[in-house]
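Take the sequences, apply the hints, and build the full model.
From first to last, the protein sequence lines are chains A and B. Counting from 1, position 165 in the first sequence corresponds to residue 164 in numbering that gives the first Met the number 0; the numbering is continuous, with no gaps. Counting from 1, position 209 in the second sequence corresponds to residue 208 in numbering that gives the first Met the number 0; the numbering is continuous, with no gaps.
Read the hints as simulated data drawn from the structure, not as lab findings. Check before you lean on any hint, since a few could be wrong.
[Claimed, not checked] One side of the interface only, derived from the structure: several residues of chain A facing chain B at Cβ under 10 Å:
id: 1; residue: E166
id: 2; residue: M271
id: 3; residue: R272
id: 4; residue: V275
id: 5; residue: G306
id: 6; residue: N308
id: 7; residue: A311
id: 8; residue: F314
id: 9; residue: L321
[Claimed, not checked] The following residues of chain A were derived to be distant from chain B, with all beta-carbon distances above 12 Å:
id: 10; residue: R136
id: 11; residue: T139
id: 12; residue: T170
id: 13; residue: N224
id: 14; residue: I230
All residues carry an ideal CB built from backbone N, CA and C; glycine is no exception.
There are 2 protein chains.
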Amino acid sequence: MNIEMITAAAERAKGHVRRTPLLTSPFLDEIAGRRVFLKAECLQHTGAFKYRGAWSAISALDPETRSRGVIAFSSGNHAQAIARAAALHGTSSVIVMPADSPAIKIANTRALGGEVVLYDRANESREEIGASLAEQRGLTLIKPFDEPQVIAGQGTCGLEIAEQAAEAGVTQAQVLVCCGGGGFTSGIALGLADRAPDMQVRPVEPEGFDDVTRSLATGTISRNNRLSGSICDAIITPQPGDITFPIMQAHCGPGVVVSEEECLRAMAHAFMRLKVVLEPGGAAALAGALFHQDEIEGDDVIVTASGGNVDAPMFARALETLE
Amino acid sequence: MNIEMITAAAERAKGHVRRTPLLTSPFLDEIAGRRVFLKAECLQHTGAFKYRGAWSAISALDPETRSRGVIAFSSGNHAQAIARAAALHGTSSVIVMPADSPAIKIANTRALGGEVVLYDRANESREEIGASLAEQRGLTLIKPFDEPQVIAGQGTCGLEIAEQAAEAGVTQAQVLVCCGGGGFTSGIALGLADRAPDMQVRPVEPEGFDDVTRSLATGTISRNNRLSGSICDAIITPQPGDITFPIMQAHCGPGVVVSEEECLRAMAHAFMRLKVVLEPGGAAALAGALFHQDEIEGDDVIVTASGGNVDAPMFARALETLE
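What follows is the structure, encoded as structure tokens:
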């Protein structure tokens, strides 16, 4: 992994991946006790930063390989990103999803052009199904985070943050990133290390799923005890990646751990003050800035809003946190 | 009014007014039966396009006049825009609001730096209070729409639409604009007439408050029978302006009239597909594109989302329209 891979990914993304805005509100600054800049990746195609990595990985394939199609295991943001990026590259995608996935997610993935293959979580292995399909059809597996071209794609967000912050006069800040397996976090960290060396990335995770925070603190990869059961499902992974972890070790400050309730409240503030829709996991970094200010340093903080794919009942629950 | 006033306003706005994104979703295209591009002015500072006009008008004042302060009558988006734009110009603002305005609007306007003067709707005249304050303190009145420098500011949105649409390969389209007194509509129409002459602006209004649509159809200014009682309050005005109406007559196609229910449904679609928060009036143009497709021409339609200042209960009501 290096900055050249990220700048190459940015070149391939031109005209295809959205340059999302960096939003501000004096009301958020007041709560946070410093200026807050929110990188609104919820406004990215398919509603999450994942589209950056998907576009990067698929556009990096040689044309012959790409023409045979790609495959991904995901029921969430990565699935939709891969389905759309593949379709817009004129190739096919197979998305292996649990049969009990919400109907809307299955429908969305299909509508974006993905072929959905359902499996029974209890009795079947998605890896086996995927491996067999990949072999039969010559499909290329696109992993969700521990994959260099995916990390390079997520890193393009770091290049934009460096540019947009500089336009706002900010070159020194902590950058809070909603963190699952570390693809987004490590990509941004690599981009900023080159373009804005006075910025420091801080991973943000939900309580009970703070594998990256613990791994960074101890210096060895550690797993989460639970692998599901968080409303922040979009950023829940078993453990940091083999590729992402060393990058985070080299470039990131300590993790910040937020509660689910804080994520819901951050969603409500983003609704009220920035007019953007965040999913619970996508609001983790903003929750860190608003409610953990003593753990952060500096006059300015940048937060990534990683995604906005939330259903109406969960969003209504977030709105109820407003007094 | 001319294009030079708009380009001058754009020059003064640089670095102060947000260039809002032009958003798309294949799911919205499918409903609308054509490609839909949404200009997300809900992401503008203070949550509405009004900030463009406020910044333009205040920045156009000569420094001595500006230093004495400005005054506005408004309980809504114009008030917040004037309060913030004045504060960032280092001058004071007086906002005359009805005493029964929602507490949150009063608090927001104060927090943005405005001095709020309350009046009793039933027994006092805001014009008299305003005139008396303006005279005592030498304040300049900034009208919400029928004011050339305000129209010029709103027109900067038209310049951005022309540029951003061209980047997406679109030079010919109908442009649906959420329309109250016509400041936004006429400003955009003037900007596009110069920069994208193959585009045609279409004002969009809520049922029962279609003064502009009727005025355009008959060729004479006509009033609304009611002046309140719509959830689309942000775009309700008594009648088109003396300055805005002739501009709309010269440049706009026929109006489109949408129901409140359609606005709520459009808000829900914008939530689900674009991850932005729209207020009911701010969703009128999107409602036109999604639910009045037979009244629109062409393969592409551009809609302005004029604002996102909606409270949680109303937004929850919009979400309930999702099946």
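Now for the hints, and whether the structure bears them out:
| no. | hint | in the structure |
| --- | --- | --- |
| 1 | E166 | holds (8 Å) |
| 2 | M271 | holds (8 Å) |
| 3 | R272 | holds (8 Å) |
| 4 | V275 | holds (6 Å) |
| 5 | G306 | holds (8 Å) |
| 6 | N308 | holds (8 Å) |
| 7 | A311 | holds (4 Å) |
| 8 | F314 | holds (7 Å) |
| 9 | L321 | holds (5 Å) |
| 10 | R136 | holds (25 Å) |
| 11 | T139 | holds (24 Å) |
| 12 | T170 | holds (16 Å) |
| 13 | N224 | holds (32 Å) |
| 14 | I230 | holds (17 Å) |
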